[in-house]
Amino acid sequence: MEPTQAAELTDECRRQDSTPLMEEKPEGPEECASAVARPGYATSTTPALCRHSEHPNPKSITKQESKMKARVLTGFCPLFCVALFLALLPALPIAAQGLQPPGPAEILPAPEGPPLAGPESKPSAPFAEAPKMETQSVDAAAIPLGQPGLSFRYVQTFGVSEVAYTADTLHLNFPYGIGTDGSNIWIGEQWGNRVLQYDHAGNFKQQFGCARFPDGCGDTSFWEIVDVAVDGGGNIWVVDATSNRVVQLDPSGQKILELGEMWVEGNSNSQFVDPISVAFDANGNIYVSDGAPFWNRERGNHRIQIFQSNGTYLATLGQTGICGSGQTQFCGPRHITIYGTELYVADAGNNRVQIFNITNPASPGYVATIGGLNNPSGVAVDANYIYVADTWNDQVRVFHRSTRAHVTTIGAGWGTDNNQFKNPSDVAVDAMGNLYVADWVNTRVQQFFPSGSTWNYIRTYGVTGVPYVTDGYHYNTPTGIAIADDGNFYLTEEHGHRLNKLSPDGTPIWAVGAAGVKGDWDHSNDRLNNPDDVAVDANGRVYVADRWHNRVQIYNPDGSYHATIDGLECPGGVALAPSNGYLYVANSCNHTVRIYNTGLELVATLGTPGQAGTDHAHFNLPEDVAVDSNGTIYVSDRDNHRVQVFDANRQYVRTMGETGIRSNDFAHFNGPNNLFVDNFNRLYVADEWNNRIQVFDEGGNYLTTIGGSWGSRTGQFRGARGVTVDSAGNVYVTDTNNHRIQKFAPGVPGWKQVNINGFGERQNTWISNLVNFKGHLYASGYRPYVWRLENDGSWSTVNNLGFGDSTNVEIDAMAVFNNHLYAATFTFICDDPDCNNWHTNGPQFWRTADGTTWENVTPPGSIGTDYRWVPTMAALGGYLYATLDRQDHSTLGAEIWRTADGQNWQQIASGGFGDPYNTGVLSLVEYNGYLYAGTRHGDWQNDAHSDGPLGGEVWRYDGTNWVRVNDPGFGDLEAHRVERLIVFNNALYAFISRVVGTTKGAEIWRCIATICNSQNDWVKVVDNGFGNPQNQYIFGGLVTGGYLYAATQNTFNGFRLWRTINGTDWEPAALEGLGDSNNTYVWLNAMAEHNGRLYLGVNNSANGAEVWEMQSTQQASVTITDPSQPHTLEFNYADGGKSMVSVPANLLPAGSTLVYAPFNLGWRPPNHRLAGRAFQLNVYQGGILQENLSLSSPIQVTIDYTDAEVFGLDEELLVLLRWDPDTLSWTDAACGPYNRQPAQNRLSVPVCHLSLFGLFGEQEFIYLPVVER
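Each residue of the sequence shown is one higher than the one before, starting from 1 at the first, in the UniProt record's numbering.
If you are wondering where the hints come from, they were derived from the structure by calculation, not from laboratory data.
Worth double-checking, as some hints may not be accurate.
[Unchecked claim] Below, a list of computed lysine-lysine pairs in the DSS-like style, where the Cα atoms sit at most 27 Å apart:
id: 1; residue 1: Lys205; residue 2: Lys255
id: 2; residue 1: Lys1020; residue 2: Lys1000
id: 3; residue 1: Lys752; residue 2: Lys774
id: 4; residue 1: Lys752; residue 2: Lys1138
[To be verified] Per label pair, the in silico range of CB-to-CB distance:
id: 5; residue 1: Thr1223; residue 2: Val603; range: 32 to 38 Å
id: 6; residue 1: Gly216; residue 2: Asp537; range: 35 to 41 Å
id: 7; residue 1: Thr998; residue 2: Ser363; range: 55 to 61 Å
Quick caveat: nothing in here was measured; it's all calculated off a predicted structure.
Glycine is no exception: its CB is placed at the ideal position from the N, C-alpha and C atoms.
Full structure from sequences and hints, please.
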């Protein structure tokens, strides 16, 4: 049946009739004006109908937070500036970590709130008892913690980041609003996020905005363009409905003015709710149709707002928030236009055009009404005629301007011919008399020219019915994802309106749906309308939540249609129970979950049909459902910001999250969406607008996070909508607004995370210290706690928060001295309620002899009360040294103090060694009987200060005098920080960081002289950030296991860890960021050796600080220096045997590093046994892992094994297998013949792919009879 009228939604998620036309339901970010923003951003209440699409507000950050956040997240400032940021945030709780069921861990930013530091407190008691171990501290988060140890690393991206499709100027992605500029036409793509200008002859001229990527174009980033107009000054105005604003751009695209509050709905005179049009009078006054969203003409402010040309509010026409039919009332006004002194309003809900005299814009007067229309959406006027887009009649009606009598009708109704329209949404007339019609559903603009009383078709802008052209490798807002048993995976595109089937390596197999086309309006089985989720059953059948067709579509593995479940209300999620194959459907707009048996018969319902609520019998827009192997049911109750848990009998068990409260700590969600349960019954929650995946064990204990920060780096998301896990434990996440899928693998080769992120509190974003004391590893960080690693692998807090003093906002330095563990705090006191002014009382010093009972040993008045923090403490030569960072660089400089008893302090350096711009001493070391100190030169608040930086300095102390022993910055004034001084192999090493904004990276210098006297004694051994200028800062370093380690900050791909055995040749010692780009740096004192292993305390501002343990300090590497020569790598095992890798000439480029690392293998192929050798073989280029690299010619791998390793195996059948991440299976690694030499315990094989390898033999089983006595 040909549709003739679209029905708008006037109730939550319901159509008023079954006519399947366009103007009915929002599409998500474009279609739904959602004010539900991320934590820390301004929000307002929006009907549940539209909260499916929530958008971040990157601008609504408090002044104080914005001052600190950039430095906190980039790590350029010392720790105390992070404490300042912390003081502006609420105090979040902390939980001790005990041994609980297994699970993963990772991510997030921090909410606004009152300052942490209150009024200056009384001095602490001399001794403070720690809280009882293995319990939550006083302000502990309401989230139980699982067992630490599970983490995920980024592996692969499917799709093209930030590119939904390859845009061109021949196609238009649903043009909704248009405007003219002389003889040019401007077209606003509602769901393409662009405004495009063409001349009247159809020639493209320019565009603003990013196609389907509204977050990436600066001033021209738009989310839902519904109108475009040009004022008398040639400036372009864009109405961005979803973000509730109207933006003025100059002709070059630079923003001049913005009306409304971005992401904030409201009815004040400075706010809008889904504004839809803009126009200007001859005096430059601005008229904004603040009417109703295109998808619901009864929602909104129902008014025209009038402003002076500078944006000052002038008047309101209409009755705010009232849908009325009086002469000066509106019901969902749409596009407007002005001709002369008259304002024309398409009053859609009243099926009329209203005309007003605006001679006095402060008090418009009613003139006339043109009625008899059907949901008119656009109006244009010239000297003779009034043109009306009569939307639901699919035509344009023309009236005489002076008499308002009907003249003619353009368009023959619903259709695709040039004399037909589908829901025309706007009209415009240029200076030459050309009439333009935004033919919305046909994804085109039609141009006509008058000839008497008829208008002749001239041309089409766009391609009829084709909003864009794409392929199988681009995905327009991917949502649901599912993996079949054969490794193929299925993907839905919300605004691409497709179901895609891809092979394990991402090769397209087939697709259902037409790219970018919202169904075909008759619910045919090969079209989809905002598909939101997908699931696959044991037979390979595919179930799709076809949201705005109100159905679930079922397809066969070959893509052919199988069946339909209809009668639903905007279903958002589908899942299949592993035990019985039952289908669970999140019937979102009905606020229920429906359960169907294998015959697709409805057998049960969870929730109360048609009723939203907050108790355990109700949901509020449930978005997805998952079922574990025990029959436990999980429901993502999105608008209640919780996950509801029911047992197999559908009885309520518990709530995860807090009903109605959204936040980004680990105990809360912000719009939870898709769910998945893996083979271990771990629950994965796509916490969409916290941009993360939260992972819990089957008891509901928090395990880890993937993602957690907004962006396009690997490990970041722009709306984490969908999640699934394959049989190998790899996690796939639909990164919706980045238009990609990210794949993450469990664990990091050679490393293990040993804490829960942030010790259970994601606001603990970094580790300031790791210290080995009396057999335990201690950690301190963002929050002023001290944590201890217990022998069973759990962590406990061993002090009260801030040692019981609320002015202690962080612990900056720790050291072991005279059988005590010392800690230095930073004190912070706000001087006004907004904390615009603050002061410090100087550091406090605390110590403990047993690790739990703390004594305040701060000297009276502290030391350095005008100083902010203690960058480092060191026990050297019978003294405990502490360095002080300055407060006012113009009068003070860094200081160094020492104590012989831990209580009485002596100052040995002041005033920055005579230069107050030596604002901090970041490191101290003893070398050949002398004390050396490394400075930071310049103001940390402004590295480009006019008087600095002048280059970091190294000073030597002989017990009486200080002497500078290098040129400032080692001859380069941009090298402004001497972060670490380390003695290694009888030489002194200096780690040097560079000023932000320079084009060079960090450096390492070495002095081999017995006494370092001058610059002539120093030689540079690392330049330009190990070859990557992004590595500008080099905070952490340590000597352990015969290696010198160095950690560089990298905010692009994650920190880099390097090591050297001779001080000259360096090799990567870990994946960048340990597989997570949110792991950005290791702080000055956050490396330690404990029980013979290296530990790292890693900053992660997205999901909380992490502590990592190196599982094996053994690895071997070879760097290709001359590609024309062959190279050999050899690794010797401590228990006998070795591995050798031979690289032929001209295979790898110069600078490539081949790394061999033993690996503890946790799984094996069926009927095989590991023959003692499992290892990772990878190539790094520029420090970046080339994961799963395919080689153009083979390398030769030779393995010498021991008799014990192959005992019971047939050595003639030994095989080297590699893990194939595409097929998720073990496969023969050989790309040529084996050379087996059992007599020599040797196997040699050519290999063409680098991956994880294992040497295996076939396992023989002997079956014995059962003997019954």
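(message) Would the hint linking lysine 1020 and lysine 1000 be met if the CA-CA limit is 27 Å?
(response) holds (14 Å)
(message) Tell me if the beta carbons of threonine 998 and serine 363 are separated by a distance inside 55 to 61 Å.
(response) About 60 Å separates the Cβ atoms of threonine 998 and serine 363, which means 55 to 61 Å holds.
(message) Given a hint of 32 to 38 Å, does the C-beta separation of threonine 1223 and valine 603 actually sit inside it?
(response) holds (37 Å)
(request) Take the C-alpha atoms of lysine 752 and lysine 774, compute the straight-line distance between them, and say whether it is at most 27 Å. (result) The given pair, whose Cα atoms are some 23 Å apart, holds under the 27 Å limit.
(request) May I ask you to test the hint 35 to 41 Å on the CB atoms belonging to glycine 216 and aspartate 537? (result) holds (38 Å)
(message) For lysine 205 and lysine 255, compute the direct alpha-carbon distance and say whether it is at most 27 Å.
(response) Measuring from Cα to Cα gives roughly 20 Å; hence the hint holds.
(message) With the threshold set at 27 Å, check whether the alpha-carbon distance from lysine 752 to lysine 1138 stays at or below it.
(response) Within the cut-off at roughly 25 Å; holds.
Of the hints listed earlier, there is not a single one the structure fails to meet.
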